[in-house]
Amino acid sequence: GQPRGKDSLFYEDDHDNDNTAAGNNNVNAKANANANAKQEEQDAAHKRLQDLEVQGALDKLLEEFRLDQSSQVLAMAAQRAYRQSQLPLALKYCQELARVD
23 GQPRGKDSLF
33 YEDDHDNDNT
43 AAGNNNVNAK
53 ANANANAKQE
63 EQDAAHKRLQ
73 DLEVQGALDK
83 LLEEFRLDQS
93 SQVLAMAAQR
103 AYRQSQLPLA
113 LKYCQELARV
123 D
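Count along the sequence shown from 1, then add 22; that gives the number in my numbering.
Worth flagging that the hints you see were computed from the coordinates, not collected in a lab. A hint or two may mislead.
Pair ranges (Cβ atoms, derived) [unchecked claim]:
#: 1; residue 1: A97; residue 2: A59; range: 36 to 42 Å
#: 2; residue 1: R121; residue 2: K52; range: 37 to 43 Å
#: 3; residue 1: N46; residue 2: L111; range: 48 to 54 Å
#: 4; residue 1: N50; residue 2: S93; range: 50 to 56 Å
#: 5; residue 1: K114; residue 2: N48; range: 49 to 55 Å
#: 6; residue 1: G78; residue 2: R121; range: 23 to 29 Å
All C-beta atoms, glycine included, are put in the ideal place defined by N, C-alpha and C.
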């Protein structure tokens, strides 16, 4: 007859399959973690680029176009500084806004 159990070519050891599945799950988890970390890095880099663009635009409005006396520009600058937790700068813009307005 045909060999039975572990001697058979068709015998599958469930324990080995469990280890393989667990190993695959670990590989998948690591791949997902790496993909998430890479996406977070890309998102952070994109946000930094946007922040630089916004700061450049604000600087241009304040300096190049001399709109440092514009209440709208001062309000935008104050809000931006506040959102970035730059409270002394936000206060400076608010004080200037109060003086102009």
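TODO: May I ask which of the numbered hints given earlier this structure violates, with the numbers listed in increasing order?
DONE: 2
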